[in-house]
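*Asks:* The hints should help you fit chain R onto chain U, whose structure is shown.
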Amino acid sequence: MQDRLNELQEEALKKIEESTNLKELNEVRVAYLGKKGPITEVLRGMGKLSAEERPKMGALVNVVREVIAEKMEEKQNMLEDAEVLEKLASETIDVTLPGSPVRVGNHHPLTSIIEEIEDLFIGMGYEVAEGPEVEKDYYNFEALNLPKGHPARDMQDSFYITEEILLRTHTSPVQARTMEKHQGKGPIKIICPGKVYRRDNDDATHSHQFMQIEGLVIGENIRMSDLKGTLEVFAKKMFGDDREIRLRPSFFPFTEPSVEMDISCKICGGKGCSVCKKTGWIEILGAGMVHPNVLEMAGYDSKKYTGFAFGMGPERIAMLKYGVDDIRHFYTNDVRFLKQFLKQE
Amino acid sequence: MFVSYKWLQDYVDLAGITPEELAEKITKSGIEVEGVEVLNEGIEGVVIGHVLEREQHPNADKLSKCLVDIGQDAPVQIVCGAANVAQGQKVAVATVGAVLPGNFKIKRAKLRGEESNGMICSLTELGMEGKIVPKEYSEGIFVFPADVVPGTDALSVLNRDDAVLELGLTPNRSDCLSMLGVAYEVAAILGREVKLPESELHSSEENASDFIQVRVEAQNDNPLYVAKVIKNVKIGPSPLWMQTRLMSAGIRPHNNVVDITNYILLEYGQPLHAFDYDLFGSKEIVVRRANDGETIETLDDIKRTLTKEHLVITNGKDPVALAGVMGGANSEVTSETTTVLLESAYFSGAVVRKASKDQGLRSEASARFEKGIDPNRVRVSAERAAYLMAKYAGGEVLSGTVEHDSLTIEPAVVSITLNKINTVLGTEMSMEEVEDIFNRLQFKASVDGETITVTVPTRRGDIQIEEDLIEEAARLYGYDNIPKTLPIGSSTAGRLTEYQYKRRIVRRYLEGAGLYQAVTYSLTSEEKVAQYAIESRDAIRLAMPMSEDRSMLRLSIVPQLLEVLKYNGARQNDNLAVYETGAVFLSNGTEELPVEHEHVAAALTGLWHSHSWQGEKKPVDFFVVKGILEGLFDKLGLTEKVKYIQSQMDGMHPGRTADLLLNGEKIGFAGQIHPGVQKELDLKETFVFELSLKAILEAATEPLHYHAIPRFPSMTRDIALVADKQTVSGKLKEIIVEAGGTLLKEASVFDLYEGERMEQGKKSIAFSLKYADPERTLTDEEVTKVHEKVLEALKEKAGAVLRG
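Chain order of the listed sequences is U and R. All the letters of the first sequence, read from the start, carry residue numbers 0 to 344 under numbering that gives the first Met the number 0. All the letters of the second sequence, read from the start, carry residue numbers 0 to 803 under numbering that gives the first Met the number 0.
Next up, chain U with everything else stripped away, as it sits in the complex (with noise of 0.2 Å):
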């Protein structure tokens, strides 16, 4: 009998063994554990033992029972991980398919450039003041020390709406505005960002539209080596650690002394080329100590009060930054020119 036992149970191992799926490993169960298996059968034939024997040849069978019962577990669990490694090797997809697109916008190219000398600014505490685009002559001009029939207003043809209206032509009214606010008190930081507009042609470098951001700072002992300092702070930010500087007498009515700011050639490194037009500096924007006429006008004590003041257009900064070779550009919002600057900075 035991030997019987041990027969079924090679038997057994064996064909689970050969079983490839987990019907057969189930015909294989029933086989051999269930009820009319030939184990069960060899239990029947146990009456015939005798009382001593019995119990030993129970255990076993148990024993068997488990050999079987726990190799079939294991088969079981084999088959299973196969089925599933199957059915997941079915599901594969091209994973270099496009996905599903999400639709991203972006901000324009100016509003980038704004934005960025915004937070620099408020950076050092500075505020963001905004202005009407259609101001009064006093405002764009007179408040400015531009006088009528200052010469230099021949440097910036405006658009008039009547005689005493127009179309400002820098964001500089805003400062005018800002300081006759602050009825002859300090301090003053703002930075004016905005719409201009001037009587130019439309072409590669002009616009009758363009954008335009001033700095201003007022207080009782604003130096000119202040501003020196904050433009350097801004174009090292703005363009690069590795960046030089240098600053040049100019002149404009509204400061006093005038300068212009260069910034070393990106593309030549400062030795010349067709960019810098073989200077090695390209400009980059305008500033001066606030004229006393200008500080006067909107009720400073020009012996007491100093300031200085910048101001830039971000077209001009945009166009070198990304290597821009037309202002128009910025105003035809062709959808190949506006995804360009998805990336953000």
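It should be emphasised that the hints constitute simulated quantities derived from the structure, not laboratory data. Treat the hints with caution; some may be incorrect.
With a straight-line Cα cutoff of 25 Å, these simulated DSS-like cross-link-like pairs (lysine-lysine) come out [unchecked claim]: (1) LYS236(U) - LYS483(R); (2) LYS338(U) - LYS320(U); (3) LYS27(R) - LYS276(U); (4) LYS270(U) - LYS24(R).
Here's a subset of chain U near chain R, in silico, CB distances under 10 Å, partners left out [to be verified]: (5) ILE121; (6) PRO131; (7) GLU132; (8) LYS135; (9) TYR159; (10) ASN200; (11) HIS207; (12) ILE221; (13) SER249; (14) GLU259; (15) LYS276; (16) TRP280; (17) PRO291; (18) THR331; (19) ASN332; (20) ARG335.
A virtual CB, placed ideally from N, CA and C, is assigned to each residue, including glycine.
*Replies:* Here is chain R on its own, set in the frame of chain U:
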């Protein structure tokens, strides 16, 4: 202003400084040198030649065969195409091996069978602009004076071995519109001396005052007028050195008398005018305002009509010159002229600017008067011009000048303390350094303790106040030497205003939603200006537009964005969504500034979503736009306050347009543009919205406050209603929300059917209603009770019943 490096050396020693170095120094001290042009760059091998023989080319009518002495052992044969080549001329010859501008190399050649060993050159072939070449040589080769030596370098005879610095002068530095002005500037920069040009006073038996009298009626316009008379002049070419200097400054030589007036204009910055005395028409110069309608024919042969705002020089009767702008044709110096009446005057900038502007006529003279000339150079310029006319036109200068002088010249005297200079600049200059700067500028300066008092020469009319002195000190001290600091003192908090901050949120949101920001023009055409305006107000027109397309200020942004879609559509970009934030301008009458409202607008066209290989394709529709707006109002906390009502508007689809109300006030619209407009712009179905950004950013909102997350489950009941087609879902929802009370948390449409299975005029609309209580789990009975109320209200108020 074009400054010849060679010429400048007449007045200041430039030893040891190249033109490029000089340019760099001038730029860094305040006058931008916009370019340095080396005049003989790219030219080699051009010598003076003597045309020994000239005969007709045997095989070509228009060519000459010349035998030219070019300073070598034997003369060479050259074929020349210029019509004016003649035997005996001294000419410029590009010899074999020479290089001309544009890397044009001269080789030995055979022209129509005749050998040619070089080329006889015109001035334009030597790189000079046609407009500065003397008229008689503008069509042919240039003929040199007879005394030049064959074989010598022609370019150096022409003074082309020179560099010209182009100064970009700001309006305050008109003193550098003269060689002497530039010399003072350069001398200050280099710390060198200025050498003044020489004049010898001639005396004659005859007095100028016997020939001419001067009477000025408009003394404010013309406080100083100086006249001289030069007899027996012989009109001819001016000396070659003078012609080349004029050409290097961009002025075309004419004849000796005219060239001398132009030479003095360049040298002193003092415009002069030479009249032909015999054509002047009287013995009295009368300076007065023109009469309205009076006419003058100027030297450019244009007859001009004047007004009483213009100043004229007359012979007592007729105008002979438009003062400070241009002389008259009637008294022009010609080759016949023998007596010259020379004018040197001080005209006010305003009167010259007015005439120049009104007549559209800018001249070298008007440019200088407009910006203000040095009153102290009026006489010396006249004297030196007369001296040069004696020297180079053989003239006899009559004794004395005839003058009108009502001008008081008061040089500016400005005092400043050393401390003020250093405080404004942030520097630590010493008084010695400051004094040295003013000495170099040749400003008279006296130091008294901490104060320096400067008497400013009249050539520098731009210096009036302390700050002007600070600038002079700073620029010659060197901006490079000013330290770098940051402002000290009370600090300010930098931040965006709430409005600016929220505007950035709106932009970011719209960009995140898939829209590109556009920036368009504020100026538009009369045709477009009134389209799609939210508020019907008058639009504003420019007084002098540059074109009709850009003549009015926009009342709305949508037309500009449609233009953007059209532009892109024409370039195969049909699927596009753009937005813009910006001002629109509403008229407030002609006295007041307009109202500027900031708007936000968007335009969407084509496919909103497309994923072709998975078969997904969704065109933009009204609800895409509405979804974007709903998200925006969620962001701004305005959802509860906004309503959409069906509306009609010009240019919009009559059935697919909504007005947006915020707290009951119209703030904008959204919808599809009219199919007719779509067709006109060649667009697919296109949807737009425009809102008052100001209204949505300034609307009051509830502060952000946390609500407990529900701990008890909610219960959902779906209802399918049959309602009249005209009954809008918003109305049904309002009824549901009102009847549902506090237990109803959400009511949303989940199905809509308007097809043929419905009874005529009816539609089926299904809502999902979610009931909940934050404190407990609701029982079925409780929900049923409320739900019944909802159904009843729907039936009663809208005739909407459950679909059977």
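*Asks:* All the hints need checking, so say for each whether the structure fits it.
*Replies:* Now for the hints, and whether the structure bears them out:
1. LYS236(U) - LYS483(R): holds, 16 Å
2. LYS338(U) - LYS320(U): Satisfied, since the Cα-Cα distance of roughly 16 Å is no more than 25 Å.
3. LYS27(R) - LYS276(U): holds, 16 Å
4. LYS270(U) - LYS24(R): holds, 17 Å
5. ILE121: holds, 4 Å
6. PRO131: holds, 5 Å
7. GLU132: holds, 6 Å
8. LYS135: holds, 7 Å
9. TYR159: TYR159(U) check passes; min Cβ-Cβ to chain R is 5 Å, inside 10 Å.
10. ASN200: Since chain R brings a Cβ to about 7 Å from ASN200(U), closer than 10 Å, the hint holds.
11. HIS207: This hint holds: HIS207(U) lies near chain R, its Cβ roughly 7 Å from the closest one there, short of 10 Å.
12. ILE221: holds, 6 Å
13. SER249: holds, 6 Å
14. GLU259: holds, 8 Å
15. LYS276: holds, 7 Å
16. TRP280: Since the shortest Cβ distance to chain R is 9 Å, the answer is holds.
17. PRO291: Hint holds; PRO291(U) Cβ to chain R Cβ min 6 Å, cut 10 Å.
18. THR331: holds, 6 Å
19. ASN332: Interface hint status for ASN332(U): holds (4 Å vs cutoff 10 Å).
20. ARG335: Since chain R brings a Cβ to about 7 Å from ARG335(U), closer than 10 Å, the hint holds.
The earlier numbered hints are all upheld by this structure, with none contradicted.
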